[in-house]
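Whenever a hint applies, use it, and build me the whole structure from the sequences.
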Amino acid sequence: MLVQRLLVAAVLLAALGGLVWWSNPAEKSKGSKPDPNAPPKIVEIATDQVQQVEIVKGAETTTVKRGAGGKWEIAAPKPFRADQDAAATLVGTFNSLSSERLIEEKVSDLAPFGLNRPSLTVNVTRKDGKKTKLLLGDETPTSGGIFAMVEGDSRVFTLASFNKSSLDKTFKDLQDRRLLTFDSDKLTRVEMMFKWQLAEFGKNNQNEWELIKTKPMRADGGNVEELIRRLRDAKMDPAV
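For reference, each letter of the sequence shown is one residue, going 12 to 251 in the numbering used here.
A portion of the hints provided could be inaccurate.
Claimed, not checked - Calculated lysine-lysine pairs in the BS3-like style (CA-CA distance at most 30 Å, straight line):
| hint | residue 1 | residue 2 |
| --- | --- | --- |
| 1 | K89 | K138 |
| 2 | K144 | K52 |
| 3 | K175 | K141 |
| 4 | K76 | K183 |
| 5 | K76 | K142 |
No lab work stands behind these hints: they were computed from the structure.
This is the structure:
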């Protein structure tokens, strides 16, 4: 009787092991297949492959490109320093730009979608010289999105409104508006002129702030650091 029970247990264990072995590859193969319900991607360009982005809205064109050392800079409407974080966010949009849904596979008349006269055109140039032109048309009647297509592709998609906001930028949105640009960690001297009186702060050998002019004495390090922080964070008003 004991031997019979052991045999039954062994058979069940073998069956269970076979089931686990079969389910693992099945789950892996299932996970490797793309989700058929996932919204189709419109543009997919790796961030490090983008060389330039040109945004055309009406008569205004804003161009952001990689400059020396790979840093972003504004080339049009005229040269400006670019806010590196804002430019990187813009460029990162093309890393995986997915649609909300596909409207039509092949469209012959673009007018109903406002794509015959796009409200916004975005030209992306890769490092290898290849270009992608994204066209944004009218807003959708219900979802608050926008119709979109890639030039050379007959499909029309809808984009979510937040994607449009990520792309609809002017040079004012991308400009580095800091009044002063410096690395506060490398700062060793600060000179201030107040009512024609010069005050100079400097770091001593112990890396502590002290007043050098007009009269040498210890300085309140916390207040000096707060002054430096305010200088570093001071920004121009883009409305001016």
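Each hint tested on the structure:
| no. | hint | result |
| --- | --- | --- |
| 1 | K89 <-> K138 | 22 Å, holds |
| 2 | K144 <-> K52 | 15 Å, holds |
| 3 | K175 <-> K141 | 23 Å, holds |
| 4 | K76 <-> K183 | 15 Å, holds |
| 5 | K76 <-> K142 | 14 Å, holds |
Hint check: no violations occur; every hint is consistent with the structure.
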